[in-house]
Amino acid sequence: MSEKQQIRTMAFAAICQAAHLVQQVARSGQCDEDQLRETLNGILNTDPKTPEEVFPPAMLREGYRAIVEQLGNSSTPKNAELTRYVVSLVALERKLAGRRDVLNMLGERINQVKRQLHHFELLDEPVLANLASIYSELISPIGPRIQVAGTPLYLQQPLVQHKVRALLLAGIRATVLWRQVGGRRRHILFARRKMVEAARHTLNHL
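Taking the numbering used here, the leading residue of the sequence shown gets 3, the next gets one more, and so forth.
Read the hints as simulated data drawn from the structure, not as lab findings. Owing to the predicted nature of the structure, the values given are computational and were not obtained by experimental measurement. Keep in mind that a hint or two might mislead.
Unchecked claim - Derived SDA-like pairs (lysine to any residue); straight-line CA-CA distance at most 20 Å:
no.	residue 1	residue 2
1	Lys196	Lys97
2	Lys116	Lys196
3	Lys196	Pro59
4	Lys97	Arg63
5	Lys196	Arg111
6	Lys97	Ser142
7	Lys80	Arg63
8	Lys116	Lys80
9	Lys80	Gly152
10	Lys97	Arg111
Claimed, not checked - Computed spacing ranges between beta-carbons, pair by pair:
no.	residue 1	residue 2	range
11	Gln114	Arg202	34 to 42 Å
12	Pro146	Asn106	43 to 51 Å
13	Glu110	Ser77	44 to 52 Å
The C-beta atom is built at its ideal place from N, Cα and C for all residues, glycine as well.
With these hints in hand, go ahead and build the complete structure from the sequences.
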């Protein structure tokens, strides 16, 4: 298995993991804190030396598992909602790629968050609210809008809304990385077997 395939699968696993966490938070109001922290950290790693620095594979277990379950030939029922989030993130990132003005503002706003971390922790509400506002003000208006399904009781809570939008922003960051390492929409259709093999290989070594 080529290193290129492994890196591309890692980046796609990060997209799937962000989508998985969006689904968890929207349904139950919470998710694994370590996974949340590592996934959101990827947004702030804007000048990595390697792709693995952005989303460490060891923290992407749920993302790799989603690849195996969603793209593999297993009898496990497919998660249509998760697939919709992933496809929507890929489509939204394509829109973003053509907007140099938004990309410039995105860089400025992410630098603001980095400065904010001198005073707060990443998962503190002011930081989550800032990340959420970057998504809702810069990314979401580009369209297509991602409709998040979940439990109304939780989705009405501001902190849950912040987490969901911050995770969608992380999903966009993962999609940008996926494109940078050669990921294309056709790979989801025509290179499924290789992606599943790479995901299984990584899961066996985590």
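List of violated hint numbers, smallest to largest: Numbers 1, 2, 4, 5, 8, 12, in rising order.
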